[in-house]
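Once you've looked at the hints, dock chain G against the given chain W.
From first to last, the protein sequence lines are chains W and G.
Residue 0 is where the first sequence starts when you use numbering that gives the first Met the number 0, and the numbers rise one by one after that.
Residue 0 is where the second sequence starts when you use numbering that gives the first Met the number 0, and the numbers rise one by one after that.
Treat the hints as calculated values from the structure; they're not laboratory data.
A few of these clues could be false.
To give an idea of the interface, some chain W residues facing chain G are shown, with a C-beta separation under 7 Å as derived from the structure [unchecked claim]:
{"id": "1", "residue": "6"}
{"id": "2", "residue": "35"}
{"id": "3", "residue": "38"}
{"id": "4", "residue": "58"}
{"id": "5", "residue": "66"}
{"id": "6", "residue": "69"}
{"id": "7", "residue": "71"}
{"id": "8", "residue": "87"}
{"id": "9", "residue": "90"}
{"id": "10", "residue": "94"}
{"id": "11", "residue": "99"}
{"id": "12", "residue": "143"}
From the three backbone atoms N, C-alpha and C, an ideal C-beta is built for every residue, glycine too.
As a plain string of letters, each chain reads:
Number of protein chains: 2
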Amino acid sequence: MKQSRLFEKTRREAPAEGEAENARLLTRAGFIHKELAGVYTFLPLGLKVLRKIEHIIRQEMGALGAEEMRLTVLQDRGVWEKTGRWSDQAVDNWFKTKVRGGGEAGLGFTHEEPLTRLMTGHIRSWRDLPVFVYQIQTKFRNEERARSGLLRGREFLMKDLYSFCRSREEHEEFYGKVKQSYLRIFDKAGLSGKVAVTLASGGSFSKHSHEFQVPAEAGEDTIHVCEKCGTGVNDEIKSETAVCPECGGGSFKKRKAIEVGNIFSLGTRFSEALGLSFDDESGRAKSAVMGSYGIGVSRLMGTVAELFYDQKGVIWPPALAPFDVHLLEVGGGAETRRRAEEIYKELLAHDLEVLHDDREARAGEKFADADLIGVPWRVIVGEKSGQEGELEVERRGEKSSMMPLSKFVRAAKSGQSHV
Amino acid sequence: MKQSRLFEKTRREAPAEGEAENARLLTRAGFIHKELAGVYTFLPLGLKVLRKIEHIIRQEMGALGAEEMRLTVLQDRGVWEKTGRWSDQAVDNWFKTKVRGGGEAGLGFTHEEPLTRLMTGHIRSWRDLPVFVYQIQTKFRNEERARSGLLRGREFLMKDLYSFCRSREEHEEFYGKVKQSYLRIFDKAGLSGKVAVTLASGGSFSKHSHEFQVPAEAGEDTIHVCEKCGTGVNDEIKSETAVCPECGGGSFKKRKAIEVGNIFSLGTRFSEALGLSFDDESGRAKSAVMGSYGIGVSRLMGTVAELFYDQKGVIWPPALAPFDVHLLEVGGGAETRRRAEEIYKELLAHDLEVLHDDREARAGEKFADADLIGVPWRVIVGEKSGQEGELEVERRGEKSSMMPLSKFVRAAKSGQSHV
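One chain only, chain W, in its complex shape (with noise of 0.2 Å):
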């Protein structure tokens, strides 16, 4: 793509502070826009970003069997009065809103209630489970703050996924399952080594539930971390452990965290409540034993930038930058143009995705700009870039140096993750 054809500009300027740096380095950069405290629009690149995580996901959700679906934001009122969910005691940060011609709708920020009532209509017997479908999709809290960027929106995407078995065997099975499926999908996503599994409260639903939490001091969470083998304990439930789930351990580090994903166990809690049964191989009626696991998308696009950047700007993992390589033509001239012009088309038909900065514009603007949108490789194209075959590429934050173009397509595709 051509730099000069990107309607969203950088700024120079940072944005006020006490906004998190997730958001002050993606608002600078021209990823996002801040509509509302808590709620962002995403400008291309931005949505590129976001395109490429929920395209990881949805190859490892593929990978687990599950199908993908889009239920709806309006909420019917009476479905989640069932559960004891609609009451604003029992769930402080719904968005609510009237209808026109009576009654009131929430914003949803979960599924289980809506999905557990539509599968009534689909399972009746065991031979219909287990069933495993999920969505990626717009998500709405009414939080009281919503100061941490990308990290706790008000409006956010999310994706979410729902099991439902026979028994409480099976879905244990799945359950595990999702873990290694959460680490494969953050592993891809660039944070290998950065994600602790942790044991949290279980909620109303069952003793324990897993979380997925990156140590980072912009976390909201407090983690205890064991130092020997790394897996965390959530704070709410540290009191009640003492040693270490994983390894019997009894050494922890308290950390800040973000936690980008959970899964939980559900048991019964929405099947008994709105009546999902299945006859099983006796004939005898049983309620579905459900599980839910959530990973915030737009959360890990923010958590991501507040892990990788520097004083300049953000640098992407290879898998979530919105370009492979950013192709930086400097200097001018009509020998400078063609040349970039020929490795654009070179780059590109080795099936990379090139942001070409064909802009009228000095060097060190261009170098600046790359510096804040971060794309992990950089080529750039000047009066003395070396001769023909040959390109002057540089890695973000690191020295350039020359090397043939072969060898680096090859070392730029090794990372990417195309859409």
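Positioned in the frame of chain W, the structure of chain G alone reads:
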């Protein structure tokens, strides 16, 4: 995909009377599920259709040079007050909701206001223009009545494109291109020859706009179609338009119709109210000339269902069908299973999307379900399905015939649209 893995079931019984035909058909076939009046969940099969429509639209938006982004659902009251569109008197179908910590937000029914404000941070000079951006996003309209299934939703999926130009001439040129682009989109979606371009009221923005109307009894609009050239005039401006604006013909036929798209010239109504100006080549400040262009994505799905069905179910145009081929394994037996599995793999290897009915069910049930689901091509594998290399092939609604695999692959691929 294996049909035994699809959780959604077809329904023999039709939903309650009073539902629109598209909702009845798509509910029975397991494509959608009604949450509230005018609010539908998209089950996996329905989501596949939506994504095929999105894919066709994205191709054409790319060809127009438009960038994709994603604006927000929650709307800042302040920016809508500036253009006079916040009050319920000015816009009678807002959904509004209280924000914790104070204030109210709206749920976006269109996005001129936030986008225009956003552009004030990115457009300064004539060099920054023109800008074309679009999104595919869930929109909300608090309709008094919502009884037309996907044709008039309270929550629905829309593609909205916006243009920002330097002059009326530049705007007119783009407006003309979008008109052609929209006709290509509807052609690709299977509505070739079914769409009338009509002259409509321009509302408060300009004298006229254009709409893309599909004559159908289920339509909520009334249009007058020129009997000579097929151009239309909307009912609300018919009294001021005695002759056809295209060919001068004077004979019209009155029809009910479904509006599947519209294009508006907005002039400087929004750019003036929100201060979106740029310096022209001589340094003078000018307001950007805007246009907006909508296509109802979920409505298009409903429209196609209203147009193409028989008493047995929907008949999808190949480009929108959830699968290219429905492979029906009938009669059971190990040899039939082996043969079906082999054909399934061969068709997949030829890059066809195949739904393989591998369920243990009677042949009659499989055929009835296939009729409801409406995949355009069907391959039947039974005990007497002819020799290796030959397929028993049926077009939805036609008689079956024997065909070599290679010939069938060519036929089935001709209309497909991969996502």
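What are the numbers of the hints that this structure violates, sorted from low to high?
-> 4, 8 and 9
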